[in-house]
Amino acid sequence: MRDRQSKSGRQGIGRRQFLRGMAQAGVAAVAMPTLVPGSALGLNGAVAPSERIVMAGIGLGGRGMGDLRSWILPDAQAQFVAICDVRRDRRDTVKAMTDKHYGNQDCKTYIEMMDVLARPDIDAIITATSDRLHATISIRAMRAGKDVFTEKPATMTIAEGQVVVRTAREYGRVYQAGMQRLSEANFIVCNELLRLGRLGEVKTVYAHLAPWGNVNMNREWLPEQPLPDPQELDWDRWLGPCPWRPYNKSYVHGGWHHQHDFYTSVIGEWGSHTFAQCHDALGMQDTSPIRYPYVPTPTADGMEMPFANGVTMIQKQEGWRGTCGIRYVGSEGWCACADGYARPEVSNPAMLADYNKILQDYLTRTGHLVGHMKDFFASVKNRTITVANPTLTHRSMSTVHCANIAQWLKRDLTWDPVKEEFVNDEQANRLRSRAAREGWQIC
Amino acid sequence: MKKNVLLFLALAAGLTVRAELDQAILMDEAKLIEVIQKADTTDNDKVTACQNLGWCGTKTAIAPLAALLSSDKAHLRHAVRYGLEMISDPAVETTLCEAAGKLSGPALVGVLQSMGNRGNAQSVTVLISRMTDTDKAVAAAAVQSLGKLATPEAMAALKAKLNTSPDVAVAYLNGAGKLACTDAARAAACYADLRSATSAASPAVRDAALRGAIVTGGDAGLALWQEAIGATNSDTVDAALRAVLDTPKGAKATQTFAAALAKHTAVQTRLAKVLSLRGDKAAVPALAALAKDEKVPLVNRLAAAAALATLDDPAALPPLMALAKNADDAIANAAKNEIMGFAGKAADDAVLGMMADGDAATRLAGIDMAMRRRMAVAVPALVKLTTDGDAKVLDAAVRGLGDLGSDKEIPVLLTVIKKTPQSETAIRALSSLCTRYARPRAGKTVIHSAVYGSFENELVKDVTDNVQKLVDAGSITIQSSGRLCKRDGFSEDPAPGKVKTLRMVYTFDGVEKSVQVRENDSVHLSGVTLLPSAMTPIQAAYDSAAGAEKLALFQVLTSLGNDQGLAVARAASKQTADAPLREAAIRALADWRTPDALEDAANFAQNAPSDRLKILALRGFVRQLEQSFTIPLKTQLARLEQAQVWTLRDEDKALLAASIKATQGLMAEKGFTPMFDGVSLKNWKGGDGWWEVKDGILQAQSSTEKPCKKNSHLIYTASQPANFELRAEFKLSPTANSGIQLRALDQEFGDSGYQADMDGGGNYVGFLYHPKQHLVGERGAKVTIAADGKKTVDRFADAKELGNRVFKRDDWNEYTIIAKGPTMTLFVNGIKTCELTDHRPAMMPTKGFITLQMHAGPPMKIQYRNLRIKEFK
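Heads up: the sequence lines are chains Y and U, in that order.
All residue numbers for the first sequence refer to this note's numbering, where the first residue is 1 and numbers rise by one.
All residue numbers for the second sequence refer to this note's numbering, where the first residue is 1 and numbers rise by one.
Please keep in mind that the hints were generated in silico from the structure rather than gathered at the bench.
Since no wrong hints were added, every one of them can be taken at face value.
Listed below are several chain Y residues computed to face chain U (Cβ distance under 8 angstroms; list not exhaustive):
(1) A144
(2) R166
(3) E170
(4) R219
(5) P243
(6) G340
(7) D354
(8) T364
(9) R365
(10) N382
(11) L431
(12) A436
(13) R437
(14) E438
(15) G439
Calculated pairs, BS3-like style, for lysine-lysine (alpha carbon to alpha carbon, straight line, at most 30 angstroms):
(16) Y:K357 x U:K408
(17) Y:K203 x Y:K357
(18) Y:K357 x U:K281
(19) Y:K249 x U:K73
(20) U:K791 x U:K847
(21) Y:K419 x U:K249
(22) U:K292 x U:K252
(23) U:K281 x U:K325
(24) U:K392 x Y:K357
(25) Y:K316 x U:K444
(26) U:K461 x U:K820
(27) U:K469 x Y:K316
(28) Y:K374 x U:K325
(29) U:K59 x Y:K410
(30) Y:K374 x U:K249
(31) U:K710 x U:K808
(32) U:K59 x Y:K419
(33) Y:K316 x U:K791
(34) U:K292 x Y:K357
(35) Y:K316 x U:K790
(36) Y:K203 x U:K444
(37) Y:K374 x U:K292
(38) Y:K374 x U:K281
(39) U:K661 x U:K731
(40) U:K345 x Y:K357
Heads up, the beta-carbon is just placed ideally off N, CA and C, and yes, glycines get one too.
Whenever a hint applies, use it, and build me the whole structure from the sequences.
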């Protein structure tokens with residue numbers, strides 16, 4: 001039996017065992033599909049320690065600390081207990097933030113991820129390294145029996161995505177990738193407008209492409225600098241499975257962007273969000289577009305990617321007044337949304353007359369929640385499937401990777417989403433995976 | 001350009017192919033092999049070349065790559081495996097197997113990893129031989145790769161060692177997962193192996209094996225599930241819950257899962273949830289029983305009912321309806337939300353039943369749910385309830401019709417208003433119904449100018465292009481925010497810490513509009529029109545109504561604040577038969593939310609029938625005037641001063657005084673230097689004696705007796721500005737021809753470079769003229785000229801139409817000229833007329849003289865005043 005020491009001191013009883021007693025007492029706020037506040041049920045919002053989701057962070061920088069500060073620490077369902085990071089400054093910052101929040105000194109620090117994954121009391125991890133390590137950490141964590149919240153872009157290659165999907169399924173783990181707009185009301189309503197047929201027949205959707213950068217990335221090493229003490233920064237662990245190169249401080253401080261070995265290109269930058277939005281809206285959670293026409297520009301702005309049913313997704317740099325936008329155009333109307341919109345933009349304001357009803361219908365039908373971390377927590381407790389689940393994540397990232405590969409090879413590609421291979425292009429198929437460094441092989 | 005030079009240098013020197021490797025992807029196999037074989041190649045180049053060989057290499061590349069498998073540099077060993085793993089030729093397997101025989105330690109680990117990634121059965125023997133290697137890392141890599149191969153031979157070898165290490169169990173599980181995709185029975189056998197040999201497996205692997213056994217095991221799997229769901233270990237229960245979603249579809253399995261609801265109260269809520277997501281209606285009876293069971297906690301019943309709602313089953317309704325009336329607000333509200341999200345006719349019928357109930361409280365709850373569900377089918381019932389005996393029910397029904405009714409229900413609401421004209425609810429309901437029949441008009445929108453920022457502090461940014469882009473992309477609503485200032489994907493704040501405003505001048509279907517909105521508010525570009533199906537009956541009722549009813553309908557008609565409402569208000573303000581209506585109309589015009597009623601307010605500030613209304617109109621006038629940014633500040637000031645005689649009370653005098661002061665404050669420009677002192681020609685020279693100062697005006701006049709036969713220029717001597725904003729007022733006689741020369745090179749003869757053109761007929765005002773290119777900077781166009789002289793013209797307005805709109809003949813006009821880098825922009829009376837960017841240094845000098853031209857021609861008079869300039873970097 002899985003050996004976990006519960007707070008009650010009883011051997012062999014897992015943490016969530018306490019849900020039982022709680023449900024009988026009529027206070028199971030946690031399992032409600034629509035949120036019943038704990039206060040209304042006599043709990044005053046408090047969640048018993050034994051019932052909390054115990055979490056650790058692996059690689060938290062600016063974005064990860066933001067997730068921690070705004071989504072994890074304030075949520076009584078979670079208890080954040082450990083930070084693993086190859087950077088000492090990050091470990092110290094996260095520990096200080098956490099300890100200050102809880103008013104104790106309990107947040108433990110680690111350099112080696114396998115050490116924190118070996119802790120039986122930890123239920124779930126959040127990872128927010130740069131692109132290069134998300135899949136490796138997620139897969140290792142799930143194999144250690146942890147649920148995973150990972151920031152995006154969630155994979156470096158198509159093959160990594162396949163392993164993420166299979167590992168989550170085989171280990172029965174809950175996995176949510178950080179495409180948080182899938183849990184934001186405005187974006188949900190846009191996707192529902194499309195799904196409910198309010199836009200008529202939709203033949204074209206637009207996904208916002210980051211308006212900077214390049215698909216072809218840097219492969220030149222920066223000048224070598226003296227290796228720091230691994231206690232300060234563990235360069236070997238920072239690299240993980242990626243190709244080694246001599247240390248230079250700038251990689252660690254944002255310079256990993258635009259490096260072929262570490263980054264999923266300008267397309268992955270926002271495409272990891274916006275493609276997922278479009279895939280989800282179109283019901284294309286478990287497939288990808290079938291054609292990737294080469295666009296002879298640095299960012300592939302305007303690439304038109306048709307799905308097998310003829311609906312075309314177009315990546316565009318312009319057309320929104322916020323970041324990470326989507327636009328769906330149908331025979332009877334259109335809708336669009338981006339960050340910062342008070343409400344979605346629609347061709348006819350009447351489309352939003354029943355905004356709340358559209359939202360609630362969606363929540364009732366799917367069981368998802370508004371709030372990306374809340375959706376994750378509910379799935380952890382109920383063992384259900386998240387909105388940014390492994391399948392959608394892998395498939396929308398496959399679309400990113402396929403578009404990248406077409407640009408790298410400078411030719412139109414055809415993709416078979418069932419076999420997950422390019423049609424009649426042996427060379428393109430080679431680019432679906434990358435060899436890992438010695439000892440870094442994932443499952 | 002720079003990159004090409006680098007590439008050339010690099011190739012010429014023959015030192016490195018770095019630059020070439022960096023240019024996208026080099027795909028020349030022979031060259032790449034040369035790179036990795038040359039002694040003096042950098043490691044960086046070698047690594048990149050190995051990776052590229054993976055992309056393009058053939059059998060030829062295998063041996064040169066393999067030569068580096070035994071390198072003492074780990075990154076080179078990795079790089080060659082990176083390449084080798086991608087080359088599909090089976091000779092790679094032979095090479096890897098040979099290398100495995102010679103290598104040890106980390107180098108061997110890498111090779112074994114690559115064998116697993118390639119998944120070729122040829123490697124099985126080597127991998128099995130290394131499973132028990134004394135080097136633990138080697139053994140672990142071999143085991144892992146065997147799991148990836150998952151051939152019968154590999155699985156047998158792993159099975160034999162299942163109890164030896166957790167790694168073997170992980171690999172075996174991985175293999176089983178692979179088999180599960182093709183052969184459930186074989187996979188089930190593997191999961192059984194894992195479950196019977198658990199001494200070395202980690203808890204996560206044991207849970208995974210249990211899950212696998214359930215999902216692939218058929219009836220045996222279901223039996224396992226029944227045991228697991230009641231386990232004392234919560235992780236086992238978790239695995240069982242997840243298996244509900246993963247087990248293949250089938251009523252038998254679903255019924256087995258659902259049957260556990262009654263037995264295991266502790267998992268009721270969670271099991272109900274996963275059953276709903278399994279999406280099989282075979283779970284309905286068990287869920288319905290739980291939802292009705294009064295012995296279990298309310299939350300469990302609610303979870304069951306919610307699951308039924310997700311399954312879209314009508315059995316959800318009776319318990320949800322009952323829970324919706326629960327005394328616990330949280331429970332009742334959650335139940336109502338579920339009913340709101342419940343699709344289908346059965347739920348509609350249940351709500352309709354409540355609306356017809358004998359109990360008024362139930363009828364009220366029914367109306368509430370009909371509104372939440374936005375039930376169009378409830379409209380007839382709502383119509384019926386508008387005659388309900390209970391006042392609260394009646395009120396709610398009227399509100400409901402406002403929310404859900406169509407134009408067909410307008411007569412019903414008109415009847416309610418006729419009966420109870422004082423009812424605010426009815427007025428609001430009809431107004432709200434009207435908003436659904438108000439349509440933005442389709443039409444062509446051209447943005448003439450859009451400026452965002454803090455105008456008081458002169459921290460603003462021209463966002464015309466960005467707004468036009470949004471309009472071109474289909475936006476009809478523009479939000480006033482820093483995102484409009486977006487450049488390279490990043491928002492810019494033109495005035496950090498200040499309250500910002502967006503001011504736009506645009507034409508919609510040829511009609512000019514101006515609008516000013518505060519930060520984060522939105523502008524609807526097209527305005528709205530009430531469709532005839534709504535407008536006609538309400539207008540007819542209004543026309544025939546009198547007294548309180550007419551007043552109520554007046555409020556409805558003016559509620560949209562659109563042009564139709566404005567017309568109604570104006571008409572009502574002009575009649576005298578109905579005094580209360582007139583008063584309401586004057587109030588409405590004074591309070592009009594856009595400056596469209598400015599002149600009405602001005603009129604009533606003087607001529608309203610009562611002092612109270614005059615005061616209201618005056619206040620409205622001041623407020624609307626403040627919103628009218630297209631009215632020049634000077635005119636605004638004059639009108640405020642004029643309004644002083646309308647004031648009746650000291651408070652209003654104070655209000656006007658404050659507004660006058662604020663306007664004067666806005667008029668004081670910051671950072672500008674006067675170019676003309678109003679009394680002398682100080683700072684000016686040349687001009688061939690044409691120019692004189694008179695009454696604070698700088699002017700030049702020719703006559704029949706004294707004709708101007710040759711172009712002449714008055715030269716500004718205080719500076720030769722590079723980047724600047726110049727503002728000048730000018731007035732021209734009908735035949736006059738003048739212009740302001742910008743960055744002129746030659747002091748003596750100023751007709752060089754660009755000129756902000758002007759003439760009395762207005763034909764050339766707002767154009768940028770150039771002596772060698774004539775009217776190159778067209779009015780209404782954005783012109784870009786590349787270094788090679790290629791010209792791009794992007795037209796934003798019709799030249800003639802724009803000229804007519806902005807220029808006032810025989811009157812003072814104001815030029816604003818901005819020169820920044822290679823770009824010059826002209827504004828006439830605050831409206832952009834032309835923007836020109838010229839990248840040819842010969843045509844667009846970086847700095848120069850400013851001169852005022854007098855063009856040769858018939859007798860003319862040219863006048864300038866308020867010439868001022870602000871220079872910046």
